[in-house]
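Undergrad: Here is how the chains run, residue by residue.
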Amino acid sequence: NAGVTQTPKFRVLKTGQSMTLLCAQDMNHEYMYWYRQDPGMGLRLIHYSVGEGTTAKGEVPDGYNVSRLKKQNFLLGLESAAPSQTSVYFCASSWGAGVSDTQYFGPGTRLTVL
Amino acid sequence: AQSVTQLGSHVSVSEGALVLLRCNYSSSVPPYLFWYVQYPNQGLQLLLKYTSAATLVKGINGFEAEFKKSETSFHLTKPSAHMSDAAEYFCAVGTGANSKLTFGKGITLSVRP
Chain A
1 NAGVTQTPKF RVLKTGQSMT LLCAQDMNHE YMYWYRQDPG MGLRLIHYSV
51 GEGTTAKGEV PDGYNVSRLK KQNFLLGLES AAPSQTSVYF CASSWGAGVS
101 DTQYFGPGTR LTVL
Chain B
1001 AQSVTQLGSH VSVSEGALVL LRCNYSSSVP PYLFWYVQYP NQGLQLLLKY
1051 TSAATLVKGI NGFEAEFKKS ETSFHLTKPS AHMSDAAEYF CAVGTGANSK
1101 LTFGKGITLS VRP
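Protein sequences appear in the order of chains A and B. Straight run, no breaks: the first sequence in this note's numbering ends on number 114. Straight run, no breaks: the second sequence in this note's numbering ends on number 1113.
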């Protein structure tokens, strides 16, 4: 049981390049989330999904797109990277819809945009 | 709207000393409250959560937190700090069954030998 895994762990992009971050979970969780973590700002929700084939916007969705084609995978895309998107990105998943359900986090992807 | 305030960005204690990390929340409805810990270069891990049962919540690694509605607080404590407790700690609040979590800015705990 690997839990939540993220690929890649590190990435450096040039402004304007695109990339996709992959999140996978093997716990059969319905809910999945993408957060970004910036110094002094905690975690901010980018997008989330309440089940296979669904996505919804979080607090800071601009410049990102997501897809949930399979229940176990949640992809985060940057179509045209900007330096403001330099951050650490965390994926999380949870069993149910309730806010009391524990979210399980992946190890993070450190992205630098030059 | 919901929000979380974690005052200060860094706390330093001596090994064996009391750990106290403060968290205050703002919510118009009864909240769900969480403390997460992040060790260097790792993801977040749940320490404990309050979901309207007992107001004193015990978590992993000897940590506990007390929900005080009158003070809108959910401070995290541990009687005796250990070197392995050095990490970043995040308080988070959620309200309502389908709401999303709002995280505080986090606070870094350092433990001196």
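No lab work stands behind these hints: they were computed from the structure. Any given hint could be a false lead.
Unchecked claim - Distance condition first, Cα-Cα at most 27 Å in a straight line; then the derived DSS-like pairs of lysine-lysine:
1. B:1058 with B:1069
2. A:57 with A:9
3. A:9 with B:1068
4. A:71 with A:14
5. A:57 with A:70
6. B:1100 with A:71
7. A:57 with A:14
8. B:1058 with A:57
9. A:57 with B:1069
10. B:1105 with B:1058
11. A:70 with B:1100
12. B:1100 with B:1068
13. A:9 with A:71
14. A:71 with A:57
15. B:1100 with B:1058
16. B:1105 with B:1069
17. B:1068 with B:1058
18. B:1100 with A:9
These numbers come from a predicted model, not from an experiment.
Undergrad: Now tell me, hint by hint, if it's right for this structure.
TA: Now the hints, each set against the structure:
The suggested pairing of residue 1058 (chain B) with residue 1069 (chain B) holds, with an alpha-carbon distance near 17 Å, which does not exceed 27 Å. Pair hint residue 57 (chain A) plus residue 9 (chain A) holds up; C-alpha atoms about 24 Å apart against a cutoff of 27 Å. Our distance criterion of 27 Å between C-alpha atoms is broken by residue 9 (chain A) and residue 1068 (chain B), whose separation comes to about 39 Å. In summary, the hint linking residue 71 (chain A) to residue 14 (chain A) is not supported, as the alpha carbons are separated by about 31 Å, beyond the 27 Å threshold.
The suggested pairing of residue 57 (chain A) with residue 70 (chain A) holds, with an alpha-carbon distance near 18 Å, which does not exceed 27 Å. A hinted pair counts as satisfied when its Cα atoms are at most 27 Å apart, and residue 1100 (chain B) with residue 71 (chain A) qualifies at roughly 20 Å. A distance of roughly 25 Å separates the Cα atoms of residue 57 (chain A) and residue 14 (chain A); the hinted pair therefore holds under the 27 Å criterion. With a C-alpha separation of about 33 Å, the suggested pairing of residue 1058 (chain B) with residue 57 (chain A) is violated against the 27 Å cut-off.
A C-alpha spacing of about 31 Å is found between residue 57 (chain A) and residue 1069 (chain B), which places the hinted pair above 27 Å, so the restraint is violated. The suggested pairing of residue 1105 (chain B) with residue 1058 (chain B) holds, with an alpha-carbon distance near 23 Å, which does not exceed 27 Å. The hinted pair formed by residue 70 (chain A) and residue 1100 (chain B) meets the criterion: a straight-line CA distance of about 22 Å does not exceed 27 Å. Pair hint residue 1100 (chain B) plus residue 1068 (chain B) holds up; C-alpha atoms about 22 Å apart against a cutoff of 27 Å.
For the proposed pair residue 9 (chain A) and residue 71 (chain A), the alpha carbon gap of about 22 Å is at most 27 Å, so the pair holds. About 18 Å separates the Cα atoms of residue 71 (chain A) and residue 57 (chain A), which keeps this hinted pair within 27 Å; it holds. Annotation: proposed proximity of residue 1100 (chain B) to residue 1058 (chain B) holds, straight-line Cα distance about 23 Å (limit 27 Å). The hinted pair formed by residue 1105 (chain B) and residue 1069 (chain B) meets the criterion: a straight-line CA distance of about 21 Å does not exceed 27 Å.
Between residue 1068 (chain B) and residue 1058 (chain B), the direct Cα distance comes to roughly 15 Å. Compliance with the 27 Å bound is thereby established for this hinted pair. Distance restraint check for residue 1100 (chain B) and residue 9 (chain A): the Cα-Cα separation of roughly 26 Å lies within the 27 Å cut-off, and the hinted pair is therefore satisfied.
In summary, the numbered hints that this structure violates are 3, 4, 8 and 9.
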